[in-house]
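Asker: For reference, the chains in residue letters:
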Amino acid sequence: MVMERLNSNLYLQNCYIMKENEKLRKKAQVLNQENQALLSELKQKLSKANNNSKGKNSANTIPDLNLSSTSNPNP
Amino acid sequence: MMAVTSSCKEGTKIAMDNGKYVRYTPEQVEALERLYHECPKPSSMRRQQLIRECPILSNIEPKQIKVWFQNRRCREKQRKEASRLQAVNRKLTAMNKLLMEENDRLQKQVSQLVYENSYFRQQTQN
Numbered sequence: 001m002v003m004e005r006l007n008s009n010l011y012l013q014n015c016y017i018m019k020e021n022e023k024l025r026k027k028a029q030v031l032n033q034e035n036q037a038l039l040s041e042l043k044q045k046l047s048k049a050n051n052n053s054k055g056k057n058s059a060n061t062i063p064d065l066n067l068s069s070t071s072n073p074n075p
Numbered sequence: 001m002m003a004v005t006s007s008c009k010e011g012t013k014i015a016m017d018n019g020k021y022v023r024y025t026p027e028q029v030e031a032l033e034r035l036y037h038e039c040p041k042p043s044s045m046r047r048q049q050l051i052r053e054c055p056i057l058s059n060i061e062p063k064q065i066k067v068w069f070q071n072r073r074c075r076e077k078q079r080k081e082a083s084r085l086q087a088v089n090r091k092l093t094a095m096n097k098l099l100m101e102e103n104d105r106l107q108k109q110v111s112q113l114v115y116e117n118s119y120f121r122q123q124t125q126n
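Chains as they are written, first to last, in full-length UniProt numbering: chain A, 1 to 75; chain B, 1 to 126.
Some clues are possibly wrong.
Here are the simulated DSS-like cross-link-like pairs (lysine-lysine), alpha carbons at most 27 Å apart as the crow flies [claimed, not checked]:
1) 48/A with 27/A
2) 97/B with 66/B
3) 26/A with 43/A
4) 80/B with 108/B
5) 66/B with 41/B
6) 27/A with 97/B
7) 66/B with 77/B
8) 66/B with 80/B
9) 97/B with 41/B
10) 80/B with 91/B
11) 23/A with 91/B
12) 91/B with 77/B
13) 108/B with 43/A
14) 63/B with 77/B
15) 91/B with 63/B
16) 20/B with 77/B
17) 108/B with 97/B
18) 19/A with 91/B
19) 63/B with 97/B
20) 26/A with 41/B
21) 41/B with 19/A
22) 77/B with 41/B
23) 26/A with 97/B
24) 66/B with 20/B
25) 19/A with 20/B
26) 27/A with 77/B
27) 108/B with 23/A
28) 23/A with 80/B
In short, the hints are calculated from the structure, not lab data.
Pulled out of the complex, with its shape left as it was, chain A reads as follows:
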């Protein structure tokens, strides 16, 4: 009788943990998607900032393919 009680409790506990794990998996999925979005947003921002600084910085070694007269052609 003790064993039956133990087994019942174990079974119930297992069901509970399974549900919890499922919730956690979903949460991880949502967070992961959010993080990917935030990361790409961050990358865009950084690359924009990088492009803005290219025009003003004459020491920039990356060739500027823009044919505008304000740009500095690099050898």
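Given the structure of chain A, go ahead and fit chain B onto it with the hints provided.
Answerer: Chain B in isolation, oriented as in the chain A frame:
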């Protein structure tokens, strides 16, 4: 007439005699167990034959032999059930361990993602 069992007997199996609990001798129990494994549910005729063929059991009343076999079958059921419950318990315990480990891993994963999330937000605001 009831079988006379005046002295206290050793052995693991118990019988009632004149309202008192008495045990069968180890030799008797050994013989009975052997017979049980040959045939767990002997007929009345078979039981009479067993007593005739086995002198160790001759001082046990036929009714008591019948009762012994009934109890023995009952004990077998109880043992099988206990065994089954133990096997179930082992499985549930193993499952429980796996689930807790998975739970732990997932909590850490979520924790890490929450941290990254707040970090990215912070960086974006800069």
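Asker: Now tell me if each hint is right for this structure.
Answerer: The hints, checked one at a time:
{"no.": "1", "hint": "48/A with 27/A", "result": "violated, 31 Å"}
{"no.": "2", "hint": "97/B with 66/B", "result": "violated, 47 Å"}
{"no.": "3", "hint": "26/A with 43/A", "result": "holds, 26 Å"}
{"no.": "4", "hint": "80/B with 108/B", "result": "violated, 43 Å"}
{"no.": "5", "hint": "66/B with 41/B", "result": "holds, 9 Å"}
{"no.": "6", "hint": "27/A with 97/B", "result": "holds, 22 Å"}
{"no.": "7", "hint": "66/B with 77/B", "result": "holds, 17 Å"}
{"no.": "8", "hint": "66/B with 80/B", "result": "holds, 21 Å"}
{"no.": "9", "hint": "97/B with 41/B", "result": "violated, 43 Å"}
{"no.": "10", "hint": "80/B with 91/B", "result": "holds, 17 Å"}
{"no.": "11", "hint": "23/A with 91/B", "result": "holds, 24 Å"}
{"no.": "12", "hint": "91/B with 77/B", "result": "holds, 21 Å"}
{"no.": "13", "hint": "108/B with 43/A", "result": "holds, 26 Å"}
{"no.": "14", "hint": "63/B with 77/B", "result": "holds, 22 Å"}
{"no.": "15", "hint": "91/B with 63/B", "result": "violated, 43 Å"}
{"no.": "16", "hint": "20/B with 77/B", "result": "holds, 26 Å"}
{"no.": "17", "hint": "108/B with 97/B", "result": "holds, 17 Å"}
{"no.": "18", "hint": "19/A with 91/B", "result": "holds, 19 Å"}
{"no.": "19", "hint": "63/B with 97/B", "result": "violated, 51 Å"}
{"no.": "20", "hint": "26/A with 41/B", "result": "violated, 58 Å"}
{"no.": "21", "hint": "41/B with 19/A", "result": "violated, 48 Å"}
{"no.": "22", "hint": "77/B with 41/B", "result": "holds, 13 Å"}
{"no.": "23", "hint": "26/A with 97/B", "result": "holds, 21 Å"}
{"no.": "24", "hint": "66/B with 20/B", "result": "holds, 18 Å"}
{"no.": "25", "hint": "19/A with 20/B", "result": "violated, 56 Å"}
{"no.": "26", "hint": "27/A with 77/B", "result": "violated, 48 Å"}
{"no.": "27", "hint": "108/B with 23/A", "result": "holds, 14 Å"}
{"no.": "28", "hint": "23/A with 80/B", "result": "violated, 39 Å"}
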